[in-house]
Amino acid sequence: MVTARQISTFLGNDGYETKVYLDGESALADFTSYSPDLVLLDYFLPGMNAPEVCISMRKISDTPMIVLSGNTQTSDKIRMLELGADDYIEKPFDPDELKARIHAVLRRYHPEMNFGSPDDAIGDYVEYPGLFISQTSYTVKLDGEPLALPPKELELLYCLAASPNRVFTREQLLDYVWGYDYMGDPRTVDVHIKRLREKIKDHETWSLSTVWGVGYKFEVKA
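According to the numbering used here, the sequence shown is numbered sequentially starting from 1.
Since the hints were derived computationally from the structure, they do not count as laboratory data. Hints should not be assumed to be uniformly reliable.
Unchecked claim - Below are the DMTMM-like pairs computed for lysine to aspartate or glutamate, each with C-alpha atoms no more than 20 Å apart in a straight line:
1. Lys217 <-> Asp96
2. Lys141 <-> Glu171
3. Lys199 <-> Glu171
What the hints assert, rightly or not - Listed next, with one range per pair, are the computed distances between beta-carbon atoms:
4. Tyr34 <-> Lys199: 21 to 27 Å
5. Tyr34 <-> Val2: 37 to 43 Å
6. Val20 <-> Leu142: 46 to 52 Å
Please read these numbers as outputs of a predicted model, since none were measured by experiment. For glycine and all other residues, C-beta sits at the position ideal for the given N, C-alpha and C.
Taking the hints into account, I'd like the entire structure generated from these sequences.
Pasting the structure below:
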């Protein structure tokens, strides 16, 4: 089981400044003076429970909040979301998924913040030999010829191509392309990747590659 200290270390290594509180009372006592950008709230706290902490925080602030819990009861998840939590992650979870969820929530509150997302990495367009993609104008050219792609296929292609050789999980791609609130099947990504491969064949210098058991990447060959 991942501990609060381990999460703090992981996020600290990614550039976040973190503070750990082991009970709700201590967190609330320091909450207004500390003014965090985001709260990670464990569902099972000693003393004051998570719903009480959430209610108290929401009375004084709309700070983004993600609940972490080993409780898989749908009713508890719904309750926390209705009380004002922005997301609810069941344990055990992958640290990279947590980081992606944090980025997704923070983007909703602070669109100006840069998390190294694909659209921040390059700007208006990305270009490789035989391939041009502009997300702003929704334009794709393959070997100099316009290629019509549905919006989601174009956004998926751009997301991958803007971060060459970076492996994205299905969940990360769903978050970027379909949005944080998407509740559909993660295999939607697989279907769209298949369609892209039917239209865009591997180039001698780049390709859409599967990383088995993980996800996908836009592979640029040396």
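Hint by hint, here is what the structure shows:
Restraint check: the Cα-Cα separation between Lys217 and Asp96 comes to about 16 Å, which is no more than 20 Å; the hinted pair holds. Note on Lys141 and Glu171: the hinted pairing is violated, with a Cα-Cα distance of about 27 Å set against a maximum of 20 Å. At roughly 23 Å between alpha-carbon atoms, Lys199 and Glu171 are farther apart than 20 Å, so this suggested pair is violated. Checked against the hint of 21 to 27 Å, the pair Tyr34 and Lys199 fails, with Cβ atoms roughly 50 Å apart.
Take Tyr34 and Val2: their Cβ atoms lie about 23 Å apart, and the range 37 to 43 Å is violated. Separated by about 50 Å at the C-beta atoms, Val20 and Leu142 satisfy the suggested range of 46 to 52 Å.
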